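J.: So the sequence lines, in the order shown, correspond to chains A and B. So our numbering is basically just the index in the first sequence, starting at one, shifted up by 163. So our numbering is basically just the index in the second sequence, starting at one, shifted up by 448.
For the record, the hints were derived by calculation from the structure and aren't laboratory data. None of the values given here were measured: they were computed from a predicted structure. The C-beta atom is built at its ideal place from N, Cα and C for all residues, glycine as well. Do not rely on the hints blindly, as some may be mistaken.
Said to hold, decoys possible - Here chain B is said to cover these stretches of chain A; the calculated rule only asks that three of the stretch's residues, wherever they fall, bring their Cβ under 8 Å from a Cβ of chain B:
| hint | stretch |
| --- | --- |
| 1 | 181–190 |
| 2 | 234–241 |
| 3 | 353–362 |
| 4 | 409–420 |
| 5 | 428–436 |
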Amino acid sequence: MTLTRRDRVVLFAPLAILLTGWLLLPALLGFIATFSTYSPFSTTVKFAGLANYANVVGDPQFAAAARNTAIFTGVAVPLELVVGFAVAYVLRLPMRGRALWRILLLVPWLVSPIASGVMWHFLLGGATGILNFALGWLGRPEVPSPLGDPRFALSTAIAVEVWRVSPFVTFLLLPGLASIPRERWEEATLSGATWFGRLMNVAIPSVRPLLLTVTMLLVGLAFGTFDSVLILTGGGPGTATLTPALYSYSRAFATNDWPAGATAGWLIAAGVLAAGVVYLMLARQRATE
Amino acid sequence: MRAQRGGAPRNILLAAALVAFLTPLAWTALASLGLQPDSTTHPPSWTGPLTLEHFLEIGVAEPTFMQELITSSLSAASAAVLAVAAAYLAAYGLARSASGAGRAVAQGFLVLASLPVMAYVIPLSDLMRRAHLLDSFAGVVLSEAAVTAPLAVFVLHGTIAQLPTEWEEAAVLDGAGMLAILGRVVLPLVAPSVAATAIVLFVIDWNMLLVPLVLTSGDIKTIPVAMSDFFTFERELEWPTAAAALVVSLAPVAVLVSLFHGVLDRFSLDLATAA
């Protein structure tokens, strides 16, 4: 049907009001504020140029946070994709009890990042945790939690995030993999393709746009990592697991440096928007191929 | 059906995934029931007895826990319904726009869906304070709806764009208006996708920390905020009590997902290829 002007207003107004009022306007006003000395309780506001950005970017804490996020994103996102894809690939064909498998293998994603942090805090430390139980079986002495060790804290936080997010990746990829017609697998098998050949020539090309979309969501999630580490490590020890989001939050609300917090928030946005431009370019390429 | 080749590797991978993903949760569930390992003995042993008292201890440690459960349920449900309703209308508008730009716009919404809340939550809290929506149920619900609506637009646009338009055209010939078509023709066809989207959004809202954390100062407390407060301020909490709280916070979404598992595979991020 052809939509009239009035139809369009009815269709788009609710979303436009919601997104403008509660997302775009705050984001934009926040962006403008980062070039000033504005804070909610300041009486005078002066133009500050790039001083807030210089302040944040020059802060060794922020540099550590940016480095951690680069590692976090570079390691966690590929792992989440590989693990999530592998499980979805196994579940793609009809089999007995598939519905139950699908629900069971989604459960870690249903755990909130905060609850996951609480849980792993206890599981990785103390006498009642998984780690020391397993070591006890092997006849090894108890070890302190790897979350408290600067050498292992970041990789442990990444492992916990992979545990929580991979099931969501499986959930998102499964409909795409399951909808590949059965004949395409059989053709590939008949023409002598190995499982690796079927993976590269049938599975991945069929879900490539879907993989691209899921990757975009995972990158955004990784850039904004906050509640996943808040309870798990709180950013420590030292700055070992500090993220830009934790930095932004603590600058704004703990040290009351509102402009620095808002500026760090905008640097996260800039990172995600840059990734978004790459996503849109790749998605367009795929569409015209 | 012929047995699939490679059945054994498949079962091994599934079993490994099940162990890796569910052991931590089983450990937690056992601890909440009072069953804990004792790694000081050789070999490690399990100690009991089986009890439900740790669930009662939640109420002692956090007297407002029931209130927080209700707040979490109501705010997540309201935000999910609001976001899906607004997204459904807009997704239909995009899918049926004459310009053919719907697909590109939907991809723009995906980028917006990837934007972390931390990127704008600090100025959002300032704006909510000026609008007197700080510490209000409405402020939390509207903000959570805005966080999740872009993802819903992307999913529902993909679903609606794949629908054939014949039914809508027939309804137009019968003299139906746009809202009647949206409610009585299109909605029944895409109801499973709409339901699946609402469930996924409910889970995201249920687990969301930053929005209720920054926009409230304790009056409207959700479960993740209560948990994070508890551990941030380093109050002592025994592991079995924490485990019981984890089980209680997970149970509602686990039940919801189990009940609606039949429609959940309709939460598809596949963009319509042929529109």
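J.: All the hints need checking, so say for each whether the structure fits it.
T.: Hint check:
Coverage of the stretch 181–190 of chain A by chain B holds in this model, with 8 residues showing a Cβ closer than 8 Å to a Cβ of that chain against a need of three. Residues of the stretch 234–241 of chain A lying with their CB closer than 8 Å to a CB of chain B number 0, which falls below the three-residue condition for coverage. Restraint check on the stretch 353–362 of chain A versus chain B: 1 residues with Cβ-Cβ distances below 8 Å, three needed, restraint violated. Beta-carbon proximity to chain B at under 8 Å applies to 4 residues in the stretch 409–420 of chain A; the threshold of 3 is reached and the given coverage holds.
Here's how the stretch 428–436 of chain A fares: 6 of its residues keep a CB closer than 8 Å to some CB of chain B, so the rule of at least three is met and the hint holds.
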